[in-house]
Amino acid sequence: MRSFLAQSWQIYRKDMVVEYRTRERVVTMFVFSLIVVIIFNFAFNAGADVIQRVVPGMIWVAFAFAGMLSASRSFSPEKDRGTFEGLLLAPVDRGSIFLGKLMGNVTLIGLVQLAVLPLFVLFFNMTILPYLSKLLVIFFLGTVGFSSVATLFAAVAVNTRMRDVMLPVLLLPVASPVLIALVETTRGTLEGGDWQDMTNWIRLLSVFTVVFLVASVLLFEYIVEE
Amino acid sequence: MAGFAARLRITPFGLICLIGLVASLYLSLIWAPRERVMGDVQRIMYFHVASAWLAEFAFVLVGVSSVIYLWLRERRWDIVAYSAAEVGFVFCCFVMITGPIWGKPVWGTWWTWDPRLTFSMILWLIYVAYLMLRVYGDDMPQVKTFLAVLGILGTIDIPFIHFATMWWRGLHPDSLVMTEEGLGAGMEVDMRIALGVSAVVFTLFFFYLMQRRMALERLRDETESLRERLEHRHPGSLGA
Amino acid sequence: MGNGSIPGIGVRQLTKTYGRFRALHRVDLDVAPGSFLALFGPNGAGKSTLLGIIAGLVRPSRGQVFLDGEEITKDRDESLGQRIGVLSYQTYLYDELTVLENLRFYGKLYGIDNHRERIEELLDTVGMASRSGSPVRTLSRGMRQRVALARALLHDPDILLLDEPYSGLDQDALAILKTILAERNKTILLVTHDLARGLESADRVAILNRGRLVFESGTRDLSQVEFERIYRDHAS
Numbered sequence: 000m001r002s003f004l005a006q007s008w009q010i011y012r013k014d015m016v017v018e019y020r021t022r023e024r025v026v027t028m029f030v031f032s033l034i035v036v037i038i039f040n041f042a043f044n045a046g047a048d049v050i051q052r053v054v055p056g057m058i059w060v061a062f063a064f065a066g067m068l069s070a071s072r073s074f075s076p077e078k079d080r081g082t083f084e085g086l087l088l089a090p091v092d093r094g095s096i097f098l099g100k101l102m103g104n105v106t107l108i109g110l111v112q113l114a115v116l117p118l119f120v121l122f123f124n125m126t127i128l129p130y131l132s133k134l135l136v137i138f139f140l141g142t143v144g145f146s147s148v149a150t151l152f153a154a155v156a157v158n159t160r161m162r163d164v165m166l167p168v169l170l171l172p173v174a175s176p177v178l179i180a181l182v183e184t185t186r187g188t189l190e191g192g193d194w195q196d197m198t199n200w201i202r203l204l205s206v207f208t209v210v211f212l213v214a215s216v217l218l219f220e221y222i223v224e225e
Numbered sequence: 000m001a002g003f004a005a006r007l008r009i010t011p012f013g014l015i016c017l018i019g020l021v022a023s024l025y026l027s028l029i030w031a032p033r034e035r036v037m038g039d040v041q042r043i044m045y046f047h048v049a050s051a052w053l054a055e056f057a058f059v060l061v062g063v064s065s066v067i068y069l070w071l072r073e074r075r076w077d078i079v080a081y082s083a084a085e086v087g088f089v090f091c092c093f094v095m096i097t098g099p100i101w102g103k104p105v106w107g108t109w110w111t112w113d114p115r116l117t118f119s120m121i122l123w124l125i126y127v128a129y130l131m132l133r134v135y136g137d138d139m140p141q142v143k144t145f146l147a148v149l150g151i152l153g154t155i156d157i158p159f160i161h162f163a164t165m166w167w168r169g170l171h172p173d174s175l176v177m178t179e180e181g182l183g184a185g186m187e188v189d190m191r192i193a194l195g196v197s198a199v200v201f202t203l204f205f206f207y208l209m210q211r212r213m214a215l216e217r218l219r220d221e222t223e224s225l226r227e228r229l230e231h232r233h234p235g236s237l238g239a
Numbered sequence: 000m001g002n003g004s005i006p007g008i009g010v011r012q013l014t015k016t017y018g019r020f021r022a023l024h025r026v027d028l029d030v031a032p033g034s035f036l037a038l039f040g041p042n043g044a045g046k047s048t049l050l051g052i053i054a055g056l057v058r059p060s061r062g063q064v065f066l067d068g069e070e071i072t073k074d075r076d077e078s079l080g081q082r083i084g085v086l087s088y089q090t091y092l093y094d095e096l097t098v099l100e101n102l103r104f105y106g107k108l109y110g111i112d113n114h115r116e117r118i119e120e121l122l123d124t125v126g127m128a129s130r131s132g133s134p135v136r137t138l139s140r141g142m143r144q145r146v147a148l149a150r151a152l153l154h155d156p157d158i159l160l161l162d163e164p165y166s167g168l169d170q171d172a173l174a175i176l177k178t179i180l181a182e183r184n185k186t187i188l189l190v191t192h193d194l195a196r197g198l199e200s201a202d203r204v205a206i207l208n209r210g211r212l213v214f215e216s217g218t219r220d221l222s223q224v225e226f227e228r229i230y231r232d233h234a235s
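Protein chains in written order, with numbering that gives the first Met the number 0: chain A, 0 to 225; chain B, 0 to 239; chain C, 0 to 235.
Keep in mind that the hints are not guaranteed to be accurate.
Simulated crosslink set (SDA-like; lysine to any residue; CA at most 25 Å straight-line) [what the hints assert, rightly or not]:
no. : chain 1 : residue 1 : chain 2 : residue 2
1   : A       : Lys78     : A       : Lys133
2   : C       : Lys73     : C       : Asp94
3   : A       : Lys78     : C       : Pro134
4   : C       : Lys107    : A       : Asp163
5   : C       : Lys107    : A       : Gln9
6   : A       : Lys78     : C       : Leu138
7   : C       : Lys107    : C       : Ile5
8   : A       : Lys78     : A       : Asp163
9   : C       : Lys107    : A       : Arg72
10  : A       : Lys78     : A       : Met161
11  : C       : Lys73     : A       : Thr106
12  : C       : Lys73     : C       : Leu138
13  : C       : Lys177    : C       : Arg143
14  : C       : Lys73     : A       : Lys133
15  : A       : Lys78     : C       : Ile5
16  : C       : Lys107    : A       : Tyr11
17  : C       : Lys73     : A       : Glu225
18  : C       : Lys73     : A       : Asp163
19  : A       : Lys78     : B       : Asp137
20  : C       : Lys73     : A       : Val105
21  : C       : Lys73     : B       : Arg75
22  : A       : Lys78     : C       : Thr72
23  : C       : Lys73     : B       : Met165
24  : C       : Lys107    : A       : Val105
25  : A       : Lys133    : B       : Met165
26  : C       : Lys73     : C       : Gly62
27  : C       : Lys107    : A       : Leu87
28  : A       : Lys78     : A       : Asp196
29  : C       : Lys107    : A       : Thr106
30  : A       : Lys78     : C       : Glu225
31  : A       : Lys78     : C       : Pro32
32  : C       : Lys177    : C       : Glu225
33  : C       : Lys177    : C       : Ile5
34  : C       : Lys107    : A       : Ala5
35  : C       : Lys107    : A       : Arg20
36  : A       : Lys133    : C       : Thr72
37  : C       : Lys107    : A       : Glu224
38  : C       : Lys177    : C       : Leu122
39  : C       : Lys107    : C       : Leu122
In case anyone wonders, no lab produced these hints; they're calculated from the structure.
Keep in mind that this is a model prediction, so the values were computed, not measured.
Kindly generate the complete structure, drawing on both the sequences and the hints.
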């Protein structure tokens, strides 16, 4: 178990060093989310009360697509340059490769969320400071759950002819419960709701995250074998 | 009759399904009483609910055979999963078509994001993803494994989609009209009989279609291996 | 690592089909412990598939592979990677990382305790010690291939799988590779197009065509001219 986590950590660290030097993924994800925010603003040219209702949905549409970008880019360069084979040849449990990739995706989406949320506050005049701790829990749970499925399907999609189209087609229907739960809890929190009002959703988020994280770690081994 | 059946290559099982379907049509459309509030359009429920049950059951079948496929790596379990997905998709499409036809006169609108309809919609999208991966991944060596993984994750997902769509609409009482429980509770005995018969007959019909689909897939495999043997003995003779 | 006996490779009735395409068909092949077998064949003959199966990257459809009489194709055992080194036309190196960072990363994945000394020693061997701080992106193709050689030998594997290793190797690097291969303290399986180079260093040669093993022989009494004729006959 220790070496499993240690190997995940090595892969995670390697990915983060590469990302720090190129900044490819973070920059594209950030710009993408920014554009989504602005375009949505045009799409819902509406008063403050309507904006308050649609912002949670906008937030998660932006982050879902940014998350897909991250997941897809966590495999495609490795696959195209042949380094992925180098990882598979190493004497490591393949689940640890998955976990390393997943940690990288969660980190990058988290960074983009940190950068983009203030912009939502700025553009849509939202209040989030009083709910920060609650939002943190929801965002973390949801991002891990969503990224688990996204990372697994990205590893599938990278092998297909139409990899950029296949990822959303595979991922979004399966991830829809977690996206619904994220939008609902984010809305509930921003409207000043208590944990008690959202027990069902939090439970769904937690169970989804745990179940799909475990399933993905176990199934990854099958995916990478030719 | 027997000669006619033989010429159409209908198996005895197929004949039973055919008779059952006719009986079910009679029970649903003529024999069962007219619903007082909704009128004749309610009769579509007998097919809608039966198909909804099979759309969900078929995906569980996809998931179970996918697990067995990953475990044993036998082509026949891949065939079961794929056939179940294709036939299940047909039933799921039927649900998506009959839902709005029923909904229009009852709710006054073709589509409403009722939990059951939303659930069917998401399930339908997962079917689409599965079949798309099969089509666009045809040239990949690992496509069967990928499909099995999608089948397993999709099946695990079913309860989550159930709860998410249910809580999402906040379980309004009017949406209960569409659920099986809500309908069953307020249904007359004759209606329940018609629904029961329709569910049984549709299930039989589902297995009949499965059987035919699996036979077709096995024939394809056989053709392929014959073709390969011929190609090996007389290279270039098939021009492919 | 490196101590104990060197395992041989045994391939039995190995078959791999990709959908309608049969990459390997009932291949039987033995590489004796400490010997060097060169496998030739035209493109698409199944050479890389065979290496992939031995390395644990590809799951065979039927048949087995044995290392020292122990079946490795049944369940993937992580420790398999510990015994096998792969040098391929792909370098498995990350462009954004330096030579040293690349080797350290793999050193940790392979769980090598004294990886600092080991890396230094190998970089000296392949003549890349002076460039250890350079990002791989800035290296020439030949230099990258030398680092790739160091990477493949990092964990001192008993078995060396070479997949077109000569592509991009310069004269000096070729000499280094030859010295390493001549030591004969590993079981080596080479896959290549290069008849002359393969024949010159190997103990045995084999030809794979359309997924079938069509020729196998020792190299002692085999002249290059004769082998070229045999290859033309078998690999059409």
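Here is what the structure says about each hint:
1. A/Lys78 x A/Lys133: violated, 38 Å
2. C/Lys73 x C/Asp94: violated, 35 Å
3. A/Lys78 x C/Pro134: Within the cut-off at roughly 20 Å; holds.
4. C/Lys107 x A/Asp163: violated, 33 Å
5. C/Lys107 x A/Gln9: Distance ~7 Å between lysine 107 of chain C and glutamine 9 of chain A Cα, so the pair holds.
6. A/Lys78 x C/Leu138: holds, 21 Å
7. C/Lys107 x C/Ile5: holds, 24 Å
8. A/Lys78 x A/Asp163: holds, 14 Å
9. C/Lys107 x A/Arg72: holds, 24 Å
10. A/Lys78 x A/Met161: With a Cα-Cα distance of about 14 Å, the restraint between lysine 78 of chain A and methionine 161 of chain A holds, given a limit of 25 Å.
11. C/Lys73 x A/Thr106: violated, 37 Å
12. C/Lys73 x C/Leu138: violated, 40 Å
13. C/Lys177 x C/Arg143: holds, 17 Å
14. C/Lys73 x A/Lys133: violated, 48 Å
15. A/Lys78 x C/Ile5: violated, 32 Å
16. C/Lys107 x A/Tyr11: holds, 13 Å
17. C/Lys73 x A/Glu225: OK: lysine 73 of chain C and glutamate 225 of chain A at ~14 Å, within 25 Å.
18. C/Lys73 x A/Asp163: violated, 34 Å
19. A/Lys78 x B/Asp137: Distance ~19 Å between lysine 78 of chain A and aspartate 137 of chain B Cα, so the pair holds.
20. C/Lys73 x A/Val105: violated, 34 Å
21. C/Lys73 x B/Arg75: Holds, because 20 Å separates the two Cα atoms, which is no more than 25 Å.
22. A/Lys78 x C/Thr72: Judged against 25 Å, a Cα distance of about 24 Å means the pair holds.
23. C/Lys73 x B/Met165: violated, 45 Å
24. C/Lys107 x A/Val105: holds, 23 Å
25. A/Lys133 x B/Met165: Holds, at about 24 Å.
26. C/Lys73 x C/Gly62: holds, 10 Å
27. C/Lys107 x A/Leu87: Distance ~14 Å between lysine 107 of chain C and leucine 87 of chain A Cα, so the pair holds.
28. A/Lys78 x A/Asp196: Violated, because 45 Å separates the two Cα atoms, which is more than 25 Å.
29. C/Lys107 x A/Thr106: Cα-Cα ~22 Å, so holds.
30. A/Lys78 x C/Glu225: Violated, at roughly 40 Å.
31. A/Lys78 x C/Pro32: violated, 33 Å
32. C/Lys177 x C/Glu225: holds, 23 Å
33. C/Lys177 x C/Ile5: Measuring from Cα to Cα gives roughly 19 Å; hence the hint holds.
34. C/Lys107 x A/Ala5: Roughly 9 Å between the alpha carbons, so the hint for lysine 107 of chain C and alanine 5 of chain A holds.
35. C/Lys107 x A/Arg20: holds, 21 Å
36. A/Lys133 x C/Thr72: violated, 49 Å
37. C/Lys107 x A/Glu224: holds, 23 Å
38. C/Lys177 x C/Leu122: holds, 16 Å
39. C/Lys107 x C/Leu122: holds, 17 Å
Hint violations for this structure: numbers 1, 2, 4, 11, 12, 14, 15, 18, 20, 23, 28, 30, 31, 36, all remaining hints satisfied.
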